[in-house]
Amino acid sequence: MAYTTFIPSEFRVVIDKDACIQCGRCAQQCGWNVYTFDEVEKRPVPDHSKCAACHRCVTFCPGGAISIKKNDLAFKHSDSMSPDLIKAIWKQAETGGVQLTGMGNDRPYLRIFDHLLLDACQVTNPSIDPLREPMEMRTFLGRKPDFLDVAADGPTDGNGVSPTASGTLRLLTELDRQLQLETPIMFGGMSYGSVSLNVHRSLAMAATELGTFMNTGEGGMHADLEPYQDHIIVQCASGRFGVDSSYLQAGAAVEIKIGQGAKPGIGGHLPGEKIDYEVSVTRMIPQGTDALSPAPHHDIYSIEDLRQLIYALKEATGYKPISVKIACVHNVAAIASGVVRAGADIIYLDGFRGGTGASPTVIRDHVGIPVEIAIATVDQRLRDEGIRNRASIVAAGGIRQSADVAKAIALGADACAIGTAALVAMGCHVCQKCHTGCCSWGICTQRPELTRRLDPEWGASQVVNLVHAWTHELAEVLGALGVNAIESLRGSRERLRGLGLDKMTLDILGVKPAGL
Amino acid sequence: MNPRGLGNLGPSAPVGRIRPRGTSRQAGPYPGTEPGQEFAPRPAWREESEQRILGGCGLMGVCDQSGKRMSGELALRSMASMHDRGNGLGGGFAGYGIYPELPHLFCFHLLYNDDVAKDDTEFYLKKHFRVVMDEPIPTKPIRGIENEPILWRYFLDIADERLSETQLSLEDYVVHAVMDINTYVDGAFVASSGKNMGAFKGVGFPEEIGEFFRIDEYHGWTWTGHGRFPTNTPGWWGGAHPFALLDYSIVHNGEISSYGINQRYLEMFGYRCSLQTDTEVVTYLFDLMLRRHGLPVEIACKALASPFWKDIDLMPEEQRKLFTALRMVYGSALLNGPFAIVLGMNDGMVALNDRIKLRPLVAARNGDVLYVASEESAIREICPHPEESWMPLAGEPVVARVSEKGRQKAIAQTRLSAGQRRAARSPQDAVVPGVA
Numbered sequence: 054m055a056y057t058t059f060i061p062s063e064f065r066v067v068i069d070k071d072a073c074i075q076c077g078r079c080a081q082q083c084g085w086n087v088y089t090f091d092e093v094e095k096r097p098v099p100d101h102s103k104c105a106a107c108h109r110c111v112t113f114c115p116g117g118a119i120s121i122k123k124n125d126l127a128f129k130h131s132d133s134m135s136p137d138l139i140k141a142i143w144k145q146a147e148t149g150g151v152q153l154t155g156m157g158n159d160r161p162y163l164r165i166f167d168h169l170l171l172d173a174c175q176v177t178n179p180s181i182d183p184l185r186e187p188m189e190m191r192t193f194l195g196r197k198p199d200f201l202d203v204a205a206d207g208p209t210d211g212n213g214v215s216p217t218a219s220g221t222l223r224l225l226t227e228l229d230r231q232l233q234l235e236t237p238i239m240f241g242g243m244s245y246g247s248v249s250l251n252v253h254r255s256l257a258m259a260a261t262e263l264g265t266f267m268n269t270g271e272g273g274m275h276a277d278l279e280p281y282q283d284h285i286i287v288q289c290a291s292g293r294f295g296v297d298s299s300y301l302q303a304g305a306a307v308e309i310k311i312g313q314g315a316k317p318g319i320g321g322h323l324p325g326e327k328i329d330y331e332v333s334v335t336r337m338i339p340q341g342t343d344a345l346s347p348a349p350h351h352d353i354y355s356i357e358d359l360r361q362l363i364y365a366l367k368e369a370t371g372y373k374p375i376s377v378k379i380a381c382v383h384n385v386a387a388i389a390s391g392v393v394r395a396g397a398d399i400i401y402l403d404g405f406r407g408g409t410g411a412s413p414t415v416i417r418d419h420v421g422i423p424v425e426i427a428i429a430t431v432d433q434r435l436r437d438e439g440i441r442n443r444a445s446i447v448a449a450g451g452i453r454q455s456a457d458v459a460k461a462i463a464l465g466a467d468a469c470a471i472g473t474a475a476l477v478a479m480g481c482h483v484c485q486k487c488h489t490g491c492c493s494w495g496i497c498t499q500r501p502e503l504t505r506r507l508d509p510e511w512g513a514s515q516v517v518n519l520v521h522a523w524t525h526e527l528a529e530v531l532g533a534l535g536v537n538a539i540e541s542l543r544g545s546r547e548r549l550r551g552l553g554l555d556k557m558t559l560d561i562l563g564v565k566p567a568g569l
Numbered sequence: 038m039n040p041r042g043l044g045n046l047g048p049s050a051p052v053g054r055i056r057p058r059g060t061s062r063q064a065g066p067y068p069g070t071e072p073g074q075e076f077a078p079r080p081a082w083r084e085e086s087e088q089r090i091l092g093g094c095g096l097m098g099v100c101d102q103s104g105k106r107m108s109g110e111l112a113l114r115s116m117a118s119m120h121d122r123g124n125g126l127g128g129g130f131a132g133y134g135i136y137p138e139l140p141h142l143f144c145f146h147l148l149y150n151d152d153v154a155k156d157d158t159e160f161y162l163k164k165h166f167r168v169v170m171d172e173p174i175p176t177k178p179i180r181g182i183e184n185e186p187i188l189w190r191y192f193l194d195i196a197d198e199r200l201s202e203t204q205l206s207l208e209d210y211v212v213h214a215v216m217d218i219n220t221y222v223d224g225a226f227v228a229s230s231g232k233n234m235g236a237f238k239g240v241g242f243p244e245e246i247g248e249f250f251r252i253d254e255y256h257g258w259t260w261t262g263h264g265r266f267p268t269n270t271p272g273w274w275g276g277a278h279p280f281a282l283l284d285y286s287i288v289h290n291g292e293i294s295s296y297g298i299n300q301r302y303l304e305m306f307g308y309r310c311s312l313q314t315d316t317e318v319v320t321y322l323f324d325l326m327l328r329r330h331g332l333p334v335e336i337a338c339k340a341l342a343s344p345f346w347k348d349i350d351l352m353p354e355e356q357r358k359l360f361t362a363l364r365m366v367y368g369s370a371l372l373n374g375p376f377a378i379v380l381g382m383n384d385g386m387v388a389l390n391d392r393i394k395l396r397p398l399v400a401a402r403n404g405d406v407l408y409v410a411s412e413e414s415a416i417r418e419i420c421p422h423p424e425e426s427w428m429p430l431a432g433e434p435v436v437a438r439v440s441e442k443g444r445q446k447a448i449a450q451t452r453l454s455a456g457q458r459r460a461a462r463s464p465q466d467a468v469v470p471g472v473a
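One line per chain: the protein sequences are A and B, in this order.
All residue numbers for the first sequence refer to this note's numbering, where the first residue is 54 and numbers rise by one.
All residue numbers for the second sequence refer to this note's numbering, where the first residue is 38 and numbers rise by one.
Quick caveat, the hints were computed from the structure, so don't treat them as lab data.
From the three backbone atoms N, C-alpha and C, an ideal C-beta is built for every residue, glycine too.
One or more hints might be untrue.
Far from chain A, by Cβ distances over 10 angstroms, these chain B residues were calculated [to be verified]: (1) Gly125; (2) Phe160; (3) Leu162; (4) Glu185; (5) Asp194; (6) Glu254; (7) Gly404; (8) Leu430; (9) Ile448.
Chain B is faced by these chain A residues, among others (derived, beta-carbon under 10 angstroms) [stated by the list, open to error]: (10) Pro179; (11) Gly195; (12) Phe200; (13) Leu201; (14) Gln433; (15) Gly535; (16) Arg548.
Work the whole structure out from these sequences, hints included.
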């Protein structure tokens with residue numbers, strides 16, 4: 054048989070011939086080479102099969118002549134064998150390979166955030182107007198002591214602790230180092246190599262302006278980011294790319310990446326095509342080689358090994374906070390408890406909807422559990438063990454809007470991290486083709502003609518605007534709840550109600566159903 | 038603190054005749070849930086709301102810092118002037134220095150639904166304490182006060198062996214016992230559990246409750262009072278203020294919007310918030326911070342009603358470090374939402390407003406006596422011309438301290454009968470003392 058492929062194109066590029074001004078910009082903009090410009094007929098000719106629906110051409114077409122349609126081929130209906138699955142089988146029958154994809158899980162699993170509702174004040178307690186009253190978002194991540202020791206200087210009364218009017222109070226407890234966030238939203242780890250340097254620059258500038266933190270991901274830190282290093286968390290993953298002592302000391306904190314929500318249990322995959330000179334220098338690997346980080350850390354085969362690495366990093370950095378990032382898997386509460394007892398100051402929970410630059414589709418779509426469940430069980434487990442104060446919880450993986458932040462914090466998270474949402478602010482259209490390195494928006498690529506499309510200052514301003522907007526929305530939520538500090542929402546599950554969730558899920562979340 | 042209580046109570050350890058949780062006689066599970074799977078651990082009183090009770094209130098406190106004792110009539114009269122701040126669904130008082138005959142014994146004021154609850158509780162008390170004496174709390178019939186529970190008080194001592202067996206401090210031991218009774222004994226409620234103090238509370242207007250309990254016949258150096266305006270469900274006797282644990286008692290006007298996290302924070306330290314009312318968490322937070330963490334009361338107040346970051350950032354270095362650490366470590370103890378509270382304790386009284394003063398609180402001083410109340414009129418009712426009166430600022434505690442010397446003097450001045458003196462020396466030989 055002489056078929057080249059069974060697989061029909063996913064999209065149809067439709068060009069309005071009357072509106073097209075034959076400028077050829079579409080061909081110039083497309084990172085996937087969908088268009089060839091026919092010099093004889095003076096018109097673009099699309100190859101539909103290459104289109105990723107990233108809308109770069111649509112956005113930049115001066116005539117507004119292009120639209121992208123779904124290639125809506127009729128298949129005989131089957132609830133079981135959907136067209137997507139049929140196409141996947143064809144693809145694998147043709148190639149014999151593992152299917153790859155980018156971004157987060159796109160399957161229609163229950164989105165628990167969308168089944169949680171927040172409370173508001175009426176009559177008996179007043180709501181607070183965030184436009185007139187302060188709303189405090191400041192958050193500290195890191196280990197807190199069980200209690201404080203306070204001494205009174207000067208004369209005290211009979212019981213020895215309360216000062217008389219002339220006495221002053223002094224703090225005796227020495228606190229561990231903390232990360233101070235002015236808003237409980239930070240940026241998740243996305244490595245230089247998977248994303249472009251301009252993305253890293255944008256996030257570092259945004260984090261500095263916002264008083265929060267960006268995370269280098271596992272690909273090291275480019276020298277250009279040094280001015281922002283007080284707002285950068287440096288990651289140490291299984292591949293140890295770009296890790297040396299100056300890198301560890303540069304960051305405000307170090308994150309040990311054990312797992313990632315999009316691909317729990319497997320390592321990183323950065324194809325050699327994305328390893329240009331700058332990436333190779335930053336990662337400390339040869340140019341053009343595949344950067345494959347191992348699935349486990351080969352020096353961490355159990356929890357006691359993790360403890361050694363945590364304390365090695367603390368020693369190397371003068372006891373900066375150490376974050377441990379784990380993917381949310383079935384036994385996440387017990388794992389988190391072990392991680393906290395191993396000495397982690399921050400536990401970063403990455404839910405199964407978390408994004409990625411490249412992951413086997415089977416892992417992305419079928420492994421892990423929702424971050425909502427993980428926050429609830431980890432927070433409760435740490436409280437049951439009386440060690441909740443020993444580590445802060447950062448929730449990530451599926452944080453799409455400020456409401457998700459509010460709900461995650463009410464469930465028990467200290468802060469949330471966003472990755473995909475920040476990229477979307479910079480132009481990402483969530484086409485899920487990050488692994489191809491052809492990103493027309495210059496985000497998930499290293500091709501210089503594409504990466505130059507993202508101006509870091511513009512990128513930073515987009516992200517700053519987004520986080521400001523979400524922070525304002527969080528203030529509105531707090532005001533409606535009648536509280537004026539984020540710590541009064543944190544873990545306050547009493548202010549959440551579930552709608553359309555089953556009893557068992559509600560019990561696990563520690564949330565009452567609406568109506569109770 | 039062991040969250041399982043004194044080690045032989047709790048759902049997994051049936052003891053004697055105490056009914057384990059989940060077999061409550063009258064309160065069924067919430068609608069739509071499976072039997073035995075209810076969300077709240079303990080809807081044990083017929084009258085008790087299944088949901089948190091919200092409402093507004095009136096409150097007062099008076100403290101003679103010299104330790105001189107005043108009749109409860111003062112508190113009663115002050116509360117009566119704020120009649121309209123309550124709706125007759127709850128009133129109560131706490132008095133300090135009212136049992137000078139037995140100042141070293143823990144006095145438990147108990148409210149019982151029925152004789153079974155009383156039997157269960159007494160079985161428990163006798164197992165864990167030396168009951169030096171017990172008697173009904175004296176009352177007199179008042180029009181408007183009806184359906185009162187069985188009201189009983191116990192003067193308790195703890196054998197040293199029990200403390201060494203449980204490895205608990207005296208106070209922790211009592212806290213465990215109170216938590217056990219309130220959580221697991223169906224239809225029993227400990228209204229107060231401190232030394233030389235007591236809480237008198239119930240359903241009715243405060244002046245009716247005060248008369249019912251004959252509080253004018255008690256004398257104390259500190260009195261607090263409360264009239265309640267719950268906005269749903271009839272009040273139940275246990276739900277009236279003050280809420281007391283050890284010698285800490287709280288009267289509270291307001292609603293704690295951060296109740297959810299305050300409760301979960303306290304649970305980490307072994308407290309069980311079973312009463313479905315936010316005032317309970319205030320009492321436990323003070324117990325945690327003052328007694329167990331040993332924080333000065335001023336600092337504890339600054340954790341409950343923290344200054345804003347914008348103000349902390351402007352403080353001098355040392356102070357900024359202290360307040361930053363305080364908010365970091367005790368963020369989950371921040372009481373957010375509108376409140377005015379008066380904390381009574383054996384060595385004084387503290388009044389506190391929330392961080393943006395969303396509920397009224399007035400203070401006045403006349404000589405050694407400090408007054409606080411929801412309304413100035415309630416102070417002028419009992420002290421027409423105070424030397425000074427003022428509106429305390431948001432989050433600024435008003436602190437009154439009764440000196441140890443003054444308290445000892447007040448106790449020493451109490452005229453005891455020979456039997457009472459014997460009881461005070463060696464509790465096992467005690468005879469029944471009358472009301473002071």
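Is it the case that isoleucine 448(B) keeps its Cβ farther than 10 angstroms from each residue Cβ in chain A? holds (15 angstroms)
10 angstroms cut-off, C-beta based - phenylalanine 160(B) kept clear of every residue in chain A: Check passes; 30 angstroms lies beyond 10 angstroms.
Assertion that glutamate 185(B) lies outside the chain A interface [Cβ separation over 10 angstroms]: At about 27 angstroms from chain A, glutamate 185(B) clears the 10 angstroms cut-off, so the statement holds.
Reported absence of glutamate 254(B) from the contact zone with chain A (all CB gaps over 10 angstroms): Holds, because the least Cβ-Cβ distance between glutamate 254(B) and chain A comes to about 30 angstroms, which exceeds 10 angstroms.
Interface exclusion of leucine 430(B) relative to chain A, criterion Cβ beyond 10 angstroms: holds (16 angstroms)
Restraint satisfaction for leucine 201(A) [CB to CB of chain B, less than 10 angstroms]: Check passed: Cβ of leucine 201(A) comes within 5 angstroms of chain B, closer than 10 angstroms.
Taking the least C-beta to C-beta distance, is phenylalanine 200(A) closer than 10 angstroms to chain B? holds (4 angstroms)
If you take the shortest Cβ to Cβ gap from glutamine 433(A) to chain B, is it below 10 angstroms? At about 9 angstroms, which falls below the 10 angstroms cut-off, the nearest Cβ of chain B leaves the hint on glutamine 433(A) intact, so it holds.
Are glycine 195(A) and chain B close enough, Cβ to Cβ, to be under 10 angstroms, as the hint says? holds (8 angstroms)
Residue hint arginine 548(A), partner chain B, criterion CB-CB below 10 angstroms: holds (6 angstroms)
Interface hint for proline 179(A), Cβ within 10 angstroms of any Cβ on chain B: holds (6 angstroms)
Quick one: work out the minimum CB distance from leucine 162(B) to chain A and report holds if it exceeds 10 angstroms, violated otherwise. holds (29 angstroms)
Going through the hint list in order, the structure satisfies each hint without exception.
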